[in-house]
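K.L.:
Residue numbers (this note's numbering), protein chains in the order written: chain D, 428 to 575; chain B, 114 to 284.
Please keep in mind that the hints were generated in silico from the structure rather than gathered at the bench.
Accuracy of the hints is not assured; some may be wrong.
[Claimed, not checked] Over 12 angstroms on every C-beta distance to chain B, these chain D residues come out as not near it, computed from the model:
1) D434
2) L438
3) I451
4) D453
5) E461
6) R475
7) E512
8) K516
9) L524
10) Y533
11) E535
[Said to hold, decoys possible] Computed from the model, here is a short list of chain B residues facing chain D with C-beta under 7 angstroms:
12) R141
13) R163
14) K240
Each residue gets a CB set at the ideal place from its N, CA and C atoms; glycine is no exception.
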Amino acid sequence: MTSQSDDLYELKGRDLETFGFARIRDLAYDAVQELWRIRKSEGWTQVRLAENLGRDTGWLCKRLQGPGNWTFRTFGALVQGLDGEVDIKVRPAGTLLRATRNQNPYSEYVRDVRRPKSAPSAEPPPVSLGRSSRSSPSATNSVVELSI
Amino acid sequence: MSIRLRIIALEGVDLWRFEPPKLLLKRRLYLTATGRKYLIDPDSATNILRLRGFIQSAMVHWVSGGRVRADVNRKGRFLKRLDPPPPEIWEIRVTDPVPQVRLLGRIVEPDTFIVHRIHTRKYLGDKGGQGWTEAMNACVSEFDRLFPGEPLFQRNSIYDYVTENCDDVAI
């Protein structure tokens, strides 16, 4: 028996659009935050970054707290202000999964544990237990990676 | 019975594993029957308000191992332990849509979040008010029904709850 049901994952229409928007925005925010952590460890301050951008620290502080008001312009400005660069890759979904020795965190939480603790490197780990593999629109149809 | 065995026993009946296909996963998230209903029922408030995409993005952020800004005491940005009583009720904060959304539940083991309720922030009302109290108590009631006699997972450091890619440093 499986606890999985596709209705938990399959988004359609505007919900799918919203998911895609929220997901890419969160990834962009995480990526900028990662670079910001590096810059802070190098001694950068919000004042310095704000000066780089020609903005006041209030504007900057709000953008660093969350991506709610972010646009592509905000994203680009922050990357450049932090002296970073962007590498965007859009892949077919599952590519990363197949390329990685991934330990599924649910592997020890299933009734019928037939899988080894470490998935073999050549084959994708059986993440989906008993779920159909139909390729209808899904919230995770593409993996988008943003690394700065 | 360990919490893990109990989760396994409840799966498909009272708990649903959130395991998006084709995605590298790092953490676990389960929805109770009630939590699942809030997510998928077209008549739920969050779906009427077209917030599901935002909610699902937050859930994917959690299970995919996305950066968690959290704290056990101060104001967490993504994950926050709510002020007791009752103890050990956590929220995943979906803060960018309007209205905002809160996923209320418990962390029962490291990296394992169980969602009991999904409410808009507006529904919950003022901090410490009746809406919050009722929602938190509902989480406890459901948890006690699903995990009778199970001790709470209670720690002092956020890193005991979220083992990787987590920070509690103020920006």
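K.L.:
What are the numbers of the hints that this structure violates, sorted from low to high?
P.N.:
Violated: hints 1, 2, 3, 4, 5, 9, 10, 11 and 14.
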